[in-house]
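Model the full structure from these sequences, guided by the hints.
There are 2 protein chains.
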Amino acid sequence: MTPGHNAILLLRRLESIASLADEERRALENLPISAKVIPPHQDIVRGKERTSHCCLVLEGWAYRYKMLHEGRRQILSLHIPGDAPDLHSLYLDEMDHALGALSRVTVGFIPHEAIHNLIRRFPNLVAALWRETLIDAAIFCERITSLGQRDASKRLAHLFCELYLRLRAVGLADGHSYALPVTQLDLSDALGMTNVHVNRVLQELRRRELITLRGGRLTINHWPELVEVAEFDAGYLHLRPRADL
Amino acid sequence: MTPGHNAILLLRRLESIASLADEERRALENLPISAKVIPPHQDIVRGKERTSHCCLVLEGWAYRYKMLHEGRRQILSLHIPGDAPDLHSLYLDEMDHALGALSRVTVGFIPHEAIHNLIRRFPNLVAALWRETLIDAAIFCERITSLGQRDASKRLAHLFCELYLRLRAVGLADGHSYALPVTQLDLSDALGMTNVHVNRVLQELRRRELITLRGGRLTINHWPELVEVAEFDAGYLHLRPRADL
DNA sequence: CGCATACTTGAAATGTTTCAAATCGGGTGG
DNA sequence: CCACCCGATTTGAAACATTTCAAGTATGCG
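Chains as they are written, first to last, in the numbering used here: chain A, 1 to 245; chain B, 1 to 245.
Please keep in mind that the hints were generated in silico from the structure rather than gathered at the bench.
Do not rely on the hints blindly, as some may be mistaken.
Which residues of chain A face chain B? A partial, calculated answer using Cβ under 10 Å [said to hold, decoys possible]:
no., residue
1, A18
2, L92
3, M95
4, I119
5, V126
6, W130
7, R131
8, Q149
9, Y178
10, Y236
11, H238
12, R242
Computed far set for chain A versus chain B, every beta-carbon distance over 12 Å [stated by the list, open to error]:
no., residue
13, D93
14, A138
15, G175
It should be emphasised that the depicted structure is a prediction, and the values quoted were computed from it without experimental measurement.
No residue lacks a Cβ here, since even glycine has one placed at the ideal position from N, Cα and C.
Right, here's the structure in full:
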């Protein structure tokens with residue numbers, strides 16, 4: 001890999017939510033990143049841990065979760081390439097949840113030190129990075145709304161809409177289709193329902209021909225209709241308007 | 001009010017999560033704050049709005065919420081004095097949810113401009129403020145976990161535990177008791193259940209003598225037991241250890 | 001080919017919602 | 001000071017979405 005290649009998705013992600021100056025872009029490209037491959041279902045950072053690095057998802061999907069009594073698991077967020085799922089560790093000493101690999105993941109580790117230096121040299125980057133954590137929080141808000149107010153089919157539909165836009169923003173959607181390396185059990189733990197019920201609702205969404213989901217690939221057959229079913233409003237993702245769409 | 005008085009609760013809040021230098025404290029005290037009283041149930045900031053100020057809760061409670069179809073409302077967070085419930089507006093142009101007054105609230109408005117200047121003069125304050133928004137997000141995570149995995153009584157118990165610690169951190173708890181200016185309908189919209197069910201579960205918690213709730217005042221009768229019922233782990237609040245407890 | 005994991009199905013049990021009506025409580029005006 | 005009123009709380013019974021448990025089928029991988 002050429003130097004800077006690792007950071008390309010981070011750049012795409014940050015440029016989808018903020019604008020960067022040339023020298024800021026170069027500085028980001030020169031961040032020291034050490035990549036590591038993590039097998040599926042393995043933890044990247046455990047709960048309660050204190051870390052000295054931030055992670056960057058380079059390839060594959062990661063997820064954050066909390067474990068509760070009796071083996072219950074709540075998935076807090078799904079992370080796609082370009083995401084920095086534990087940027088918060090920069091200012092929160094102790095992890096209050098774990099970070100794991102959903103699929104096989106290539107993770108880049110960046111020392112906190114390096115990011116602090118970067119911020120010191122380019123105070124404007126505070127805006128981009130802080131903003132990234134704020135959008136992370138905005139996604140939490142929307143998840144709360146889903147869990148609190150939307151029924152099972154709306155929840156699934158809403159998640160599929162969100163993932164589509166996030167993936168498209170970093171160039172990982174192909175038409176209205178994208179790789180979804182997630183089991184029904186993962187979906188159920190993310191959306192606060194049982195895998196049995198996820199299964200039944202997926203079948204319903206398929207029967208209504210809103211989506212196709214086979215072999216880890218999701219296709220949205222009719223975007224406007226899915227958006228309507230989900231009551232989806234993309235505002236919370238705070239994506240910059242794209243010229244090409 | 002003496003100058004700086006308005007900021008005292010913000011200081012208490014920030015000092016409960018970060019340590020401040022003397023000159024930083026002074027700078028915070030000298031922030032230009034214009035106070036305004038908002039009657040209960042009125043919006044402070046509407047959804048989709050673009051603001052040029054951040055809010056500070058000085059007295060009473062505020063809350064953030066999203067409205068959905070058919071009048072459904074999801075309450076995202078409850079905010080007590082000392083909280084800055086829309087600090088995120090510093091870097092997110094458009095509100096993706098609304099901010100309202102739960103009870104009668106005195107709100108302090110601080111121009112974004114003033115905060116940006118403050119940060120420029122005291123880059124270390126970035127840590128404290130960013131951290132505040134990250135803890136806000138950590139509370140969202142825990143709410144997601146409640147909505148996704150905990151049944152009704154655990155949800156209520158968990159919220160009561162959280163509010164107790166947050167209020168105590170800014171000196172607003174009296175023993176294990178605190179003012180809770182919230183209706184059962186508010187609780188139900190915050191916890192994703194109906195007010196009818198909130199009512200029944202509250203009765204159950206009272207019958208088990210875990211709490212007393214009367215006239216807008218909540219008393220936790222037996223803290224360790226309530227913590228156990230709620231499976232409450234305060235780690236996510238990232239409060240600094242207190243010498244006095 | 002065989003094993004493990006993921007997905008699918010059915011039926012009964014459950015927690016929670018819905019709807020509708022009754023009661024409580026605090027503030028206001030007569 | 002009482003009567004009234006409104007919002008908040010409480011209650012009951014039926015309906016519903018979702019869970020639970022248990023078994024069966026498909027799928028991918030060594």
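How the hints compare with the structure:
| no. | hint | in the structure |
| --- | --- | --- |
| 1 | A18 | holds (9 Å) |
| 2 | L92 | holds (5 Å) |
| 3 | M95 | holds (9 Å) |
| 4 | I119 | holds (8 Å) |
| 5 | V126 | holds (6 Å) |
| 6 | W130 | holds (5 Å) |
| 7 | R131 | holds (4 Å) |
| 8 | Q149 | holds (5 Å) |
| 9 | Y178 | violated (23 Å) |
| 10 | Y236 | holds (4 Å) |
| 11 | H238 | holds (6 Å) |
| 12 | R242 | violated (16 Å) |
| 13 | D93 | violated (8 Å) |
| 14 | A138 | violated (6 Å) |
| 15 | G175 | holds (27 Å) |
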